Structure formats: structure tokens, C-alpha cells
Amino acid sequence: MCDIGISSKHLKQLENEAIFVMREVAAQFEKPALLFSGGKDSIVLVHLAKKAFFPCKIPFPLLHIDTGHNFEETLVYRDKLAQTMGCKLIVKLVQESIDTGRCKEECGINASRNKLQTITLLDAIEELKIDAAIGGGRRDEEKARAKERFFSHRDEFGQWDPKNQRPELWHIFNGRKNMGEHFRVFPISNWTELDVWLYIYKEQIPLPDIYFTHRRKVFRRNGTLLAYAPFMTLAPHEKIIEEDVRCRTIGDITCTGLTVSKANALPEIVKEVAASRISERGAREDDKRSEAAMEDRKKEGYF
Amino acid sequence: MTQNLPTIGLLRFTTAGSVDDGKSTLIGRLLYDSKSIYEDQLESITTTSLRKGNEAVDLSLLTDGLRAEREQGITIDVAYRYFSTPLRKFIIADTPGHIQYTRNMVTGASTADVAVILIDARKGVLEQTIRHAYIAALLNMKHVIFCVNKMDLKAYAQSVFDTIKKDLEKLAERLLLKSVHTIPISAKYGDNVVRASAKMTWYKHSPLLKVLETLRIAYDYSKPHMRFPVQYVLRADNDLHRDYRAYAGTIAGGRICQGQKVTVLPQNLNTHIKRIEVFGQKVDEAKSGDAVAIILQDDLDVSRGDMIVPAANLPEVSKEFKATICWFNAAPLDTEKRYVFRQNTREMKCFVKTVNYKLNINTLDENYTDKCIEMNAIAEVTIKTAQPAFIDDYNTNPSTGSFIIIDEETNETLAAGMIRK
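Protein chains in written order, with my numbering: chain C, 350 to 652; chain P, 3 to 423.
Note that these hints are calculated values from the structure, not bench results. Possibly wrong hints are sitting among the right ones.
As the list claims (entries may be wrong) - Chain P side only, calculated, beta carbon under 10 Å to chain C, not exhaustive: (1) S112; (2) K212; (3) K276; (4) L302; (5) R306; (6) T347; (7) M350; (8) N358.
Unchecked claim - Straight-line alpha carbon distances no greater than 25 Å define the calculated DSS-like cross-link-like pairs of lysine-lysine that follow: (9) K551/C <-> K225/P; (10) K125/P <-> K611/C; (11) K400/C <-> K212/P; (12) K620/C <-> K125/P; (13) K551/C <-> K284/P; (14) K284/P <-> K358/C; (15) K289/P <-> K399/C; (16) K399/C <-> K225/P; (17) K225/P <-> K358/C; (18) K37/P <-> K406/C; (19) K380/C <-> K399/C; (20) K289/P <-> K551/C; (21) K358/C <-> K212/P; (22) K351/P <-> K358/C; (23) K351/P <-> K526/C; (24) K289/P <-> K400/C; (25) K125/P <-> K380/C; (26) K620/C <-> K284/P; (27) K351/P <-> K361/C.
All figures in this text were calculated on a predicted structure; none of them were measured in a lab. The beta-carbon is built from N, C-alpha and C at its ideal position, and this holds for glycine as well.
Generate the whole structure from the sequences, applying the supplied hints.
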């Protein structure tokens with residue numbers, strides 16, 4: 350990786366570890382699914398799964414919990430990826446959970462469907478009898494995630510009990526469980542944001558266009574640059590402007606902060622990430638709700 | 003710079019120290035001084051520090067992740083931290099020093115190469131230092147770094163450090179620790195953590211970060227014999243791959259080569275390695291840690307839990323063996339009870355036939371009369387398994403020499419074990 354001046358020697362070890370975890374999931378569980386959001390972390394997961402089982406097809410479906418508040422580009426990318434990989438894609442809509450009264454839409458200016466996803470996700474896990482949901486969570490993302498296991502046990506209500514986790518030793522993963530319980534599995538637990546970008550660059554993994562610079566209608570809220578979408582309500586002082594931006598992380602369009610950037614190729618992005626002084630989740634409004642925002646959502650069954 | 007690059011790009015270390023040793027502060031300092039903390043994270047802990055009435059930023063807040071921890075000012079369980087320098091990426095397994103210390107440190111150390119153990123300069127070598135060093139030795143750490151912290155409270159005096167260092171040397175000798183470094187530091191003020199201390203010019207060696215960056219973690223692939231636990235069977239039958247059958251897994255020691263004569267256990271059948279693949283690409287050889295797929299010369303019935311080994315160097319195959327275990331559960335060990343034994347990808351029933359002795363982890367005395375193995379106890383036991391297990395000594399091969407014991411009813415992980423030959 351001399352060409353961008355950042356060492357990537359450790360990536361092989363991280364890749365080996367993630368592939369081991371993927372294979373362990375396929376071996377230990379009956380109905381795993383890979384939680385796919387269209388974000389870079391889940392894209393890397395799909396790539397790792399392909400490597401883990403090649404030349405066989407990935408032995409589990411992709412599951413997308415669709416809030417309906419997506420960046421259009423991620424949906425196009427999602428459908429194309431599932432097709433090229435020959436993966437089954439299951440889409441579950443938060444809108445349906447709202448329509449059937451399973452959850453209630455948030456109101457007000459900061460309304461987000463981020464929290465509602467948990468209900469749709471848990472319903473999907475129950476309906477599809479998923480016993481292991483593979484996610485792209487990384488321990489470097491957030492304080493509560495730093496305490497997460499590779500194999501994270503969830504009780505029959507889908508809840509996480511951080512104070513009473515199974516000790517995880519060496520690389521021996523205990524995925525035994527009772528009926529109705531499930532596991533969340535995080536193969537890239539030990540990767541940092543920079544590792545993910547370095548890996549995407551090294552492996553030349555195609556990404557949705559919104560990760561690269563593009564001109565977009567945006568507005569500033571609480572210091573964060575948000576993309577404008579027609580269904581969003583703006584406060585009187587919030588003005589729509591046009592900027593050259595790119596996404597550093599992709600969540601719901603309502604809460605994904607954009608980075609002003611002219612980077613249009615991976616080497617530039619990798620350098621930008623390496624030099625950044627703001628954390629990735631610092632651009633996520635959903636984490637700013639309180640100091641324990643992530644911990645609280647995770648306990649209830651969030652990703 | 004390229005000539006002196008360390009042999010690996012990723013170093014995993016665990017930290018041990020009791021509540022007041024300043025361990026969280028040390029990690030916070032490593033992250034802060036190596037510029038691995040983002041502005042928004044710093045802003046968040048600065049706000050909290052001020053609200054709590056601290057005059058300076060409390061770096062320990064960086065590692066205390068859960069609400070209960072922040073409220074009680076303690077650390078629960080193992081937390082993982084990441085930082086990189088231009089030379090290496092580091093993974094820290096941060097384990098708390100209070101209750102359940104043994105369980106947590108064993109867990110943190112199981113994936114680490116190096117243990118960083120903190121000692122309070124005011125207190126010197128305590129029982130808990132012995133405990134921490136013992137666990138580092140038990141888990142076969144390649145290096146142990148003792149950080150004598152809070153040197154600022156001892157006027158940065160060389161005499162204080164030298165006395166403690168002598169005691170540590172005696173301890174290291176007793177425990178047969180392989181490679182030991184001792185560094186006088188002040189985590190609070192950053193002396194000898196990332197930068198060399200201006201207040202302890204008498205200390206002529208490297209600060210902690212420099213030591214971590216340059217430690218040699220070279221794996222001798224010729225030493226442990228090749229072990230390949232079969233993890234998953236890959237089968238395909240399409241236009242590109244007719245009757246494709248390969249064994250996916252991660253090499254657990256040694257080196258595997260195309261053409262190598264191997265034995266499949268427990269069937270005890272001989273064959274050769276026909277082809278080694280990494281993501282469909284043929285490779286001539288692969289080494290410990292590599293995730294590969296292996297195709298055998300002969301059409302044998304091989305499944306998950308079987309092990310492929312060199313025909314010339316088989317492990318011992320036995321249903322009874324000795325091991326050191328560390329008990330993790332509130333319910334004590336029951337020698338009458340059947341448990342699940344899990345080694346690599348292999349699972350079977352087992353029971354603990356005898357407790358040979360229990361170790362007093364503070365004095366390192368062996369107790370042959372007290373056989374009650376409760377949470378955090380360490381003991382040497384004899385285990386009996388329902389099927390033959392493949393026996394390698396933990397110190398020769400930590401991947402195949404390690405196992406866990408699982409409760410069949412609650413599914414909890416009850417103990418960690420290290421096979422002793």
C-alpha cells in the first residue's frame with residue numbers, strides 16, 4: 350500500500366479473522382442472515398462472505414430493514430449487488446410496521462425512523478426464524494459497541510444484557526442457545542473505520558456513488574450538514590444550499606451527516622479518513638441524543 | 003524505516019491493574035497522545051469531566067463505555083480499544099481489576115500477545131501483581147511489560163523504581179516469564195507513555211509506546227506441527243466446478259504445503275494435500291492463521307470437527323488428559339455433571355474426572371485438599387471426553403491446546419482450559 354503511504358499489513362489478519370467468523374456462523378446456525386444496509390460496512394461483509402464460501406454461493410440471505418428514508422443510490426446498489434452475488438435479498442419495511450400499528454412514527458423536526466427499525470428487525474427475526482443476524486458493527490464506532498462480543502447473545506425478546514455476556518476466549522465461539530433466542534454476529538468487530546476504507550481500496554470493492562463527491566442540496570442542523578429530502582421539515586432559520594459533499598457513513602437520510610469534500614476516488618478518501626479529527630459517528634445525529642443513546646438502543650435489540 | 007519494520011502489522015495486548023492503578027488513565031493517555039482520539043470524543047469527555055467537577059480532562063472516561071460504569075466509576079468486563087501508529091495497529095483488551103478479575107484477565111489475555119501490567123509506585127509488588135503476572139504466564143504471553151505508574155507521587159525517584167524492579171525480576175524468574183520490560187511512568191502526566199520523560203532522565207530505555215511498536219512478535223512457523231481443524235465443508239456442482247469438495251478452515255499452527263502427506267483424524271486415514279485455495283486462487287503453501295480451503299487427493303468422508311495433520315507428526319489422540327482450567331461461573335464445578343467440551347471446531351461431552359489441585363493465585367501455592375472450584379478459581383484437573391480429543395500442549399500450540407467448557411442446560415461458557423501434556 351505504499352502508493353497512499355498507509356500501512357495495510359494488518360488487513361490480512363483482520364480478513365482471516367472475519368472469514369473464520371463467517372464460516373463459524375454457517376456451521377453453527379441453521380438460519381443465519383446478513384443484515385445489509387447498503388452502507389460500506391455491510392458491503393465489506395458481503396465481500397468477506399463471498400471469499401469465505403467461494404466457489405459456493407453465500408449460504409445465507411441478505412436482509413435489509415428499509416426505513417423508507419434511504420438515499421436512492423443505496424437501493425440501486427443493493428439490488429444490483431444481490432443480483433451479481435446470486436444472493437437472496439429480503440426487504441422488510443418500517444413503513445409496514447407503522448401501517449400495522451407495530452410502532453408509531455416520531456413527530457417533530459428531528460423525527461427519525463432510526464429507532465423504529467428495531468421493531469421491524471425483531472419482527473423479521475421472529476417471522477423468518479433467523480438464529481444469527483450478521484452485522485457490520487465495529488467496536489471502534491462507539492463506547493457501548495466496544496464491549497460487544499463477536500457472537501453476541503440475545504434473549505427471546507431480542508435484548509442485549511451487556512453486564513452478563515458470555516466470556517469469549519481465543520477464537521472459540523459459543524453459539525449455543527435456546528429456542529426463540531438468537532445471536533448477533535460481528536465479523537469485523539476488530540476493524541476500524543480506516544481499516545474498512547483501506548480494505549475497500551485494496552480489494553477494489555465498488556461502492557454506491559454517494560460515498561464519492563457529488564453536488565447536493567443540503568442544510569445545516571446542529572452543526573451537521575444534512576441532505577435535503579422533500580419529506581423533511583425545516584426550521585425557519587435552516588436554509589437549503591448546494592455543496593460538494595460525500596457520505597462518510599450511510600444511515601437514514603434524516604440523520605446522516607455529510608462531509609464537504611471533493612474526493613472522488615478511493616485513495617483520496619482513505620487519506621481524508623486517516624487525517625480526520627471527527628469520529629465517524631460524530632456525523633450521526635442518532636447517537637447524539639444522549640450519552641448512552643447507543644447503549645439504550647442496543648439493549649432493546651438495535652443493530 | 004522500511005528495514006526496521008516489525009514482523010507483524012497488528013499487535014494485540016491486554017492491560018491489567020486494579021481499580022486505582024490508573025489503567026484507564028494510561029489507555030486514555032496512549033490514545034490521546036498518539037492522536038487516536040477524535041475531537042468530538044474529546045469534547046464529550048471534557049464536558050463530562052467539567053460536570054463532575056474535575057479540573058483537568060479525565061482520560062479514564064474514554065474507556066468507560068456503559069452507563070453503569072460511568073455512574074459507578076468502574077469498568078465492567080472486557081472492552082476493546084484500537085489505535086494505530088505509522089508502524090503498527092494495536093488492539094487493546096482492557097480488563098478491569100476488581101471483582102471477576104481472573105475471569106476478565108484470562109479472557110482479555112486469550113487473544114493477546116503481550117500483557118501490560120500496572121503497578122502503583124507507592125505500593126510496589128502486591129498480591130494482585132503476582133496474580134496478573136501469573137495469568138500472563140499461564141496464557142503464555144510472548145512479552146510482559148510492567149509499568150510502574152504514579153511515579154509523579156514518588157518524586158520521580160530512581161530508588162523507588164529500582165526497588166520495585168528488583169522484586170519484579172524475582173517474580174518474572176519464578177514464573178518463567180519469557181521477555182520482560184519494566185518502565186517507570188506517570189499516566190496522568192504522560193511521562194514515558196508516548197514521549198520520554200524529562201523528569202526521569204535516569205531511565206535510559208524506551209517509553210511504553212516505543213516498546214509496543216518495536217516488540218518482536220515473530221511466529222516460528224516451523225515449530226508447532228501443522229494443524230488444520232475442519233471448519234466447514236464447501237461443496238459445489240456447476241459448470242465451473244464439477245463435484246467440487248473442499249474443506250474450509252483456518253490453519254492452527256505450522257505450515258501446510260501442496261503435496262504434503264497428511265492424516266485425517268479421528269478416522270486415521272492417510273492422503274495428500276492436492277490443492278490449497280484462497281478465494282479460488284491456488285497457493286503452494288499457507289501458514290498458521292490463514293483462512294483457506296483444502297482439497298484432498300482422495301475422496302474421504304471428512305466433516306466439521308475432524309482435523310488434518312501431517313502424517314509424520316500426529317497429536318496425541320486420547321479421551322483423558324490433564325488441563326489447567328479457570329472457572330468463570332457462579333455455579334461451582336460439579337465433578338458429577340456432564341458438560342460440553344469445545345476445542346477448535348470440535349464439540350463433545352465431557353466430565354471432570356478429578357481436581358488434582360487448586361492454585362492459590364495470590365501466593366502460587368498448590369492446594370491438594372480444597373477441591374471446590376468456584377468462580378475465578380484456577381485448578382489443574384483431569385478431563386474425560388466422550389470421543390477422542392486431539393492433544394497438543396497449550397504452550398506448544400495455543401490454538402489447539404485451548405478449549406472451553408459449556409453448560410449443556412444454560413449454554414453458558416463455564417471455563418477456559420489449557421491442555422498440559
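With a cut-off of 25 Å on the C-alpha distance, tell me whether K351/P and K358/C pass.
With Cα atoms ~40 Å apart, K351/P and K358/C exceed 25 Å; violated.
Hint check: K551/C vs K284/P, CA-CA at most 25 Å. Holds or violated?
Measuring from Cα to Cα gives roughly 20 Å; hence the hint holds.
Can S112/P be said to touch chain C, with a Cβ gap under 10 Å?
holds (4 Å)
Is the hint on M350/P kept, meaning its closest Cβ partner in chain C is under 10 Å away?
At 13 Å from the nearest chain C Cβ, M350/P fails the 10 Å test, so the hint is violated.
Does the structure keep K620/C and K125/P at a Cα separation of 25 Å or less?
This hinted pair is violated, its Cα atoms lying about 46 Å apart.
With the threshold set at 25 Å, check whether the alpha-carbon distance from K125/P to K380/C stays at or below it.
violated (54 Å)
Hey, K400/C versus K212/P, does the alpha-carbon distance stay inside 25 Å?
Violated. K400/C to K212/P sits at ~36 Å, over the 25 Å cutoff.
Is the hinted pair K351/P and K526/C satisfied, with a Cα-Cα distance of at most 25 Å?
Status holds; Cα separation ~17 Å.
Please work out if K399/C and K225/P have their alpha carbons no farther apart than 25 Å.
Since the Cα atoms of K399/C and K225/P sit roughly 32 Å apart, the hinted pair is violated (cutoff 25 Å).
Let's test the interface hint: is any C-beta of chain C closer than 10 Å to that of N358/P?
violated (22 Å)
Measure nothing beyond the straight line between the CA atoms of K620/C and K284/P; if it is 25 Å or shorter, mark the hint as holding.
At roughly 33 Å apart (the allowed maximum being 25 Å), K284/P and K620/C break the hint.
Hey, K125/P versus K611/C, does the alpha-carbon distance stay inside 25 Å?
violated (55 Å)
Comparing the model with each earlier hint shows violations of hints 2, 3, 4, 7, 8, 9, 10, 11, 12, 16, 18, 22, 25, 26, 27; every other hint is respected.
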